[in-house]
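Undergrad: Input sequences plus hints: build the corresponding full structure.
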Amino acid sequence: MSAAPLVGYSSSSSEDEDEAKAGAQARPGAGSCPRAQSPLPSQRLPVPDSVLHMFLGTEEGPEDDSAKHGGRVRTFPHERGNWATHVYVPYEAKEEFLDMLDMLLPRAQTYVPRLVRMEAFHLSLSQSVVLRHHWILPFVQALKDRMASFQGFFFIANRVKIYTNQEKTRTFVGLEVTSGHAQFLDLVSEVDRVMEEFDLTTFYQDPSFHISLAWCVGDARLQLEGQCLRDLQTIVDEFEDSEMVLRVHAEQVRCKSGHKFFSMPLK
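Position in the sequence shown (first residue = 1) + 108 = the working numbering.
Hints in this document: simulated from the structure, not taken from any laboratory. Some clues are possibly wrong.
In the DSS-like style, the derived pairs of lysine-lysine whose C-alpha atoms are separated by at most 25 Å in a straight line are [unchecked claim]:
1. Lys375 x Lys252
2. Lys368 x Lys252
3. Lys375 x Lys202
4. Lys375 x Lys364
5. Lys364 x Lys276
TA: Here you go:
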C-alpha cells in the first residue's frame with residue numbers, strides 16, 4: 109500500500125510561519141531619462157568602523173535552525189513581509205478522542221519510536237501559501253464571502269492512513285474522512301476560487317481529507333504500513349463508542365496567516 113500524499117502540510121518548522129520570496133518590485137525611477145552625473149572620484153574615502161558595524165545586530169528574519177523545531181525543514185525560505193497562510197476546518201479533540209489516541213500512539217511507536225503526537229488537530233482545505241501582509245485582510249474577506257452560504261455538516265474520520273508531505277521529509281499517521289467527503293470538496297472548491305483570485309496555489313487534485321494524529325521526521329512509510337497499520341485500525345474499530353467519537357460536526361472554517369487567526373462560522 110503506498111502512502112497517500114499529505115493534504116495541506118509543508119516540511120517547514122511551522123507551517124504557519126513559513127514564508128516564500130516575494131516578487132521583485134520595480135526600481136524607483138525606472139523608465140525615466142537618466143540625469144547627468146558627476147564623475148566619481150578615483151578613490152573612496154574610508155568608512156569609519158563605527159558606521160561599518162552599527163547594523164551588525166539588526167534582525168533580518170528568524171533563524172532557520174531545524175534543530176530548534178524537531179528537525180523539520182522549511183519548504184520555502186523566510187522573507188520579511190511574507191506571511192504563511194493556511195485554510196482548514198479545526199477539530200476540537202474531546203476526552204474520548206484523546207483516550208483513543210493514548211492507545212494508538214504507543215502501538216505506533218513500537219514500530220517508529222520517534223513519532224510525536226500532534227499539538228492540535230484539523231482538516232486542511234488549502235496548501236500552505238504565502239501572502240504579503242497587506243493582502244491578508246482582503247484575502248480573509250474573500251473567504252468569508254465564499255463561506256457565507258455554507259451550512260455546517262457532520263463527517264466521519266475513522267480510517268487509519270499513512271501520509272507523507274510532498275518532499276517526503278515528514279510522515280504522518282492520520283484518520284481519513286470516510287463520510288462527508290463531498291462537503292469537504294465543496295468547501296475546497298470555494299477556497300480554490302479565492303486562491304485563484306490572489307494568484308496562489310490551489311489544493312491537491314483528488315485530496316484525502318484527514319485528521320493527522322502524529323508525525324515524525326523522514327519517510328517512515330515502510331515501518332508504518334503493513335502490520336502496524338492493521339494494528340492501529342483494529343484499535344480504532346474496537347474502541348468503545350468509536351462511531352460517536354469519530355463522528356464530528358464541522359462548524360467553522362479557519363484561516364491562519366502568520367500568528368493571526370480568522371474564523372468563519374458555517375450556518
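Undergrad: Does each hint fit the structure? Answer for all of them.
TA: To see whether the hints hold, each was checked on the structure:
This hinted pair checks out: lysine 375 and lysine 252 have alpha carbons roughly 12 Å apart, not beyond 25 Å. In summary, the hint linking lysine 368 to lysine 252 is supported, as the alpha carbons are separated by about 15 Å, within the 25 Å threshold. Restraint check for lysine 375 and lysine 202: satisfied, since their Cα atoms lie roughly 22 Å apart, inside the 25 Å limit. The hinted pair formed by lysine 375 and lysine 364 meets the criterion: a straight-line CA distance of about 20 Å does not exceed 25 Å.
This hinted pair checks out: lysine 364 and lysine 276 have alpha carbons roughly 24 Å apart, not beyond 25 Å.
Hint compliance for this structure: no hint is broken.
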